[in-house]
Each structure stands twice: as C-alpha cells, then as structure tokens.
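K.L.:
Order-wise, the sequence lines are chains A and B. Note that the numbering used here has the first sequence beginning at 1, numbered continuously upward. Note that the numbering used here has the second sequence beginning at 419, numbered continuously upward.
Honestly, the hints are just simulated from the structure, not real lab data. Among the hints, erroneous ones may be present.
The calculated lysine to any residue pairs, modelled on SDA-like cross-linking and capped at a C-alpha distance of 25 Å, are [as the list claims (entries may be wrong)]:
| no. | chain 1 | residue 1 | chain 2 | residue 2 |
| --- | --- | --- | --- | --- |
| 1 | B | Lys520 | A | Asn354 |
| 2 | A | Lys357 | B | Asn490 |
| 3 | A | Lys216 | B | Val437 |
| 4 | B | Lys450 | A | Lys144 |
| 5 | B | Lys520 | A | Glu336 |
| 6 | A | Lys216 | B | Gln430 |
| 7 | B | Lys520 | A | Ala330 |
| 8 | A | Lys357 | B | Gly442 |
| 9 | A | Lys357 | B | Gly431 |
| 10 | A | Lys144 | A | Ile159 |
| 11 | A | Lys216 | B | Gln532 |
| 12 | A | Lys216 | B | Val518 |
| 13 | A | Lys216 | B | Ala516 |
| 14 | B | Lys520 | A | Lys144 |
| 15 | B | Lys520 | A | His362 |
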Amino acid sequence: MEAPLTPMEYTIATLRKCVFLAGLDESVLAVMASKIEPLLIETGKTIVTKGDTGSTMYIIIAGVAKVHDDGVTLATLKSGDVFGEMAVLDSEVRSASVTTECESLLLCISRDVFYDALSTEPGAFKAVIHSVLQGKRGLISEIKARSLRLLSYQKEMEIGRRIQADFLPKSVPDLEGWEIASCFEAARDVAGDFYDVFRLTSSSHLAIVIGDVCDKGVGAALFMTLFRSLIRASSLYGCIGSTLVDAGSETAANSAEGVLMNSMHTTNRYIATTHAGSSMFASVFFGLLDTQTGEMSYVNAGHEAPIIFRKNGKTEMLAITGGVAGLFPAANFEVETTTLNKGDLIFTYSDGVNEAKNTAGHQFGEERILKAATPEGDDVENFLCSMLDAIHRFRGDADQSDDITMLALKYLELDETG
Amino acid sequence: MTTLNISVEQAQGRVPVTVLGVEGDIDAATHKTLQDKASEVIEAGSTHILLDLGGVEYMGSAGFRAIHAIANMLNDEPSPGLAKSGYLKLLNPTDAVARVIKTLGFDVYLDIYQDREDAVSSF
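With the rest of the complex left out, here is chain A:
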C-alpha cells in the first residue's frame, strides 16, 4: 500500500492536474506549493467579480463554483478546474463573476507567487506560454464550431421563413371590376402575420383575410400557418359533422354569413381546444365580398379596424365584432355587413403598420395612416406603395420590429376598368 501524500505533495499534485501549469517542472511547482495554502470558502461567496481588476488565480481542490454574467450561468466548475488565470498574466479586468455553489476548498495563487516560482527555472515561461497558446487554440476551435452551428441554425431559420412565405398567396385573383393589391414586408425576426385572398367555389364571393398571431418567433410562425390553413380549408370545403356550430346552422351553410360563422368557429374551437396549453391567439379580419354587388359580410376578431375610403372622401372603420380567435372554445363572433360602392377602396393592415416606431419611439398611428392614404385616382398598387413609403420615411433609421402586412381592394368605376 502506498503511503498517503503529504500536504505539500497533495498541493503539487493538484497544481500538476491544472492544464495551465502542467508543463512546469516539478521544482517550479514545489516552489509555488511552498508559498500557498488551501482556503476554505463558504457557500454563495463571490470570489471573483466581473469588472474588478484581480491578480490571483484559483484552483478548485474540492467543491463547485459557477461562472456567471448578468444572471446567466456560463459554466460550472468543479474539482481540478481553474479560474482567473488570465489575471496572473496581465492586469485586465475580470470578464465574469465566479460564486461558490457549496462550501469549497481552493488554492489561490497570486501574481507575485506565480512569477517568483517561474523565475527559478529558465524554461518555465516558455512552458506557460505554450499552455496559454494551447488554451487559445482550443478556444478558437470551439468558437469555430459554435459559429458553424449558428450558421446552420440561421440556414434552417431561412428555410423556415421561405416555407412560411409559401403560406401567403403568391398572387391575388384577377377580378373584373376590382383591383386588388397586397404588400408583405417581413421583420428581421420571424413573426406571425398572414393574409389571404381567394374565391369561394360555391358563390361569387371573394374571401379577404388578414390576421396577426400574438408574439413573435418560431411559435408565432407555426400558429400562423395553422390559422391560415384552417380558415382557408373551412371556408372552401365547409365544416364536417359535429363541428358545425349552432350559430352557423341558423343561416344557410353556404351563405356568406354561414361560411364566415363556420370558418371562424371551426378555426377558433380547433385551436382553443387542441392547443389550449399554448395560449396562442390571433386577431383576424375575415370578409366575404360579393364582387357582383359590393356587399361585404365580415367578422373582425380583435383586429385593427380596416378602413373604407368612400368615393365621396368619407372614411368608415370596420370595428371589432368579437374577441381574438384561438383562446376560448365558446367564443362568439358576430357577422356585420357593409357595402362597397364603385370608387370605394378598402384598406386592411396589421399592427406592424400603425405601431411602426421611429427612433424617438413614437408610433405611426391611425392619423398618419389616414393622412398618407391616397385612395383617389391612383391604382391600388400605388396606394400601398405610398403607404409603405410613408411608413419608411416615418421610421427613419429605427429597426422594423414587426411584419408589415397590407391588403387593399378598390371597386373600379366604369371608366377605370377601361
């Protein structure tokens, strides 16, 4: 049986385990060991504080400590790990804080002790430089690996965005007597705006949908595809069996009101029950426009009120007729109707428009929308371009924080249809 290590031998063995000192001769480690004592540190004590200038490095003999910065734990250190080693080499401030997680036994090596020990052996500095460079090389390859992982995430995110864009219509229907235009400007971060324009197969109605899923990020993007698909599928292909709601069955299932009711209730009930735990919701404006008469039935589920610019210069807001969709299975959505006359333009938009912020933090707001609107004369494409220009000018150098989605329709007068 081997004899137990003396305290001095134990300290030397601990120093040797430290990669930073591993290249040093036994004699140098012995000099260092003769000048240091293990220190017992209580639980929760911050040994190194970010921003302080330090001149001591530490080796954990026993115990656990966490490296943290702004409340985020960067690493957990345990027996044999070293921290603060850069401080014995130069006088830079500490880059993070280190706090003990439990009672811990540490070796503390001051800059003076370190250099005194190194000066006893001519090759010692070379060995330390070699260790530092080794550490640096390890760090560089770790950073490289992380950058590659980040690039692959970014690529995945880009693919996700492209797939999400596929859930928006590639073109809008070409209808005689009507001009339709849309505009979608994505924010840098993935968000959950959506819009849709499609013809019902069972009538002369045109469906106009614009919506915004709460929050941002991948979750909002996933729910955007769900809301958009459910609304389109339930309006085009009807509602199956028991999901046909009572409110809808009072009206003919394929009347505009019936289709709206069925579609909104099916979509809402599906998400509110199947995805109840996600608490995700969307504001939705859904209008069914009879393109022969200009009559439009609509549901506004908590969405920014679309604006009708009448030919005579007056404006009309299509206020909400119910709460947002996706949260409460028993939600009720009222159907309202309005009529568009020749020369009228309807403008629907998401909150990326009215809540666009400039560098001073002010919002674009409804008043600026009304001021920037050019409903008369110009075609609808130009109407949206002018609106987008006005938002860009207002925003200036401020970041775009949310998707901008706009959809506009104009009921052409005879001379405009050519």
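Since the structure of chain A is provided, determine the placement of chain B on it from the hints.
P.N.:
Using the frame of chain A, we list chain B on its own:
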C-alpha cells in the same frame, strides 16, 4: 429591465378568493412572474382568483396569454359551453389596459369589476 410586483391577499365572499394585486407592466419580460405567482397560489389551494390590474399601465399580448393560462389552470374541466370563467375575474383595469381588453375581446370571456367588494362577492 421592468419588474412586476405582485401582492397576495385573501378575501372572503361566498367562497374564499385570492386577490393578486399586480403592479408594473405585463409584457414579454414579466408575464412569467404573474403566471408563476398564480401557479404558486393555485398549488397552495386557491380556487378563485381576482386579478387587481389597478397598477398595470401596459399589458401586451404576453400578458393576455398569461391570463388565459391562469384561467385554464383554474378550470380543471374546461367546459366548452361555458362562455365566462367563474374562477378568474379582473378588477379595476386602467384606461389603457381596459381598451386593449376590449379590443382583444377578453371582456367577453372574463368578468371585469371596478369595485373590489362587488368583485369578491360575485364569485
């Protein structure tokens, strides 16, 4: 970083009601504080919660998601036929918050009271 302060008081109506007094903005950064506090009192036995929003100047969509999650936690067996939650009610929202509540239609699903006594005895 914004912080959310939440006080917890017990009130007695026909049933015991836990009053959560919220102060601060309920946004993406703070909504979890509210959700966690509600979860904590529900685990400790609260079955009826009155959310006092008198000290909330701003509530974003994350706040509404938190309120929905709390309503779900209280409704053990969600009844699709029941429009309003009988277990979670709102008290005294500021004008700004009341406007958003109405826009999002939360007033359709949750009772809102201006007076604390009325609210407590309504459960």
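K.L.:
All hints, please: hold or fail.
P.N.:
Comparing the hints with the structure gives:
1. B:Lys520 / A:Asn354: Distance ~18 Å between B:Lys520 and A:Asn354 Cα, so the pair holds.
2. A:Lys357 / B:Asn490: violated, 34 Å
3. A:Lys216 / B:Val437: The given pair, whose Cα atoms are some 31 Å apart, is violated under the 25 Å limit.
4. B:Lys450 / A:Lys144: violated, 35 Å
5. B:Lys520 / A:Glu336: Judged against 25 Å, a Cα distance of about 18 Å means the pair holds.
6. A:Lys216 / B:Gln430: Roughly 40 Å between the alpha carbons, so the hint for A:Lys216 and B:Gln430 is violated.
7. B:Lys520 / A:Ala330: Status holds; Cα separation ~17 Å.
8. A:Lys357 / B:Gly442: holds, 22 Å
9. A:Lys357 / B:Gly431: violated, 46 Å
10. A:Lys144 / A:Ile159: Holds, because 23 Å separates the two Cα atoms, which is no more than 25 Å.
11. A:Lys216 / B:Gln532: violated, 33 Å
12. A:Lys216 / B:Val518: holds, 18 Å
13. A:Lys216 / B:Ala516: This hinted pair holds, its Cα atoms lying about 23 Å apart.
14. B:Lys520 / A:Lys144: violated, 51 Å
15. B:Lys520 / A:His362: holds, 23 Å
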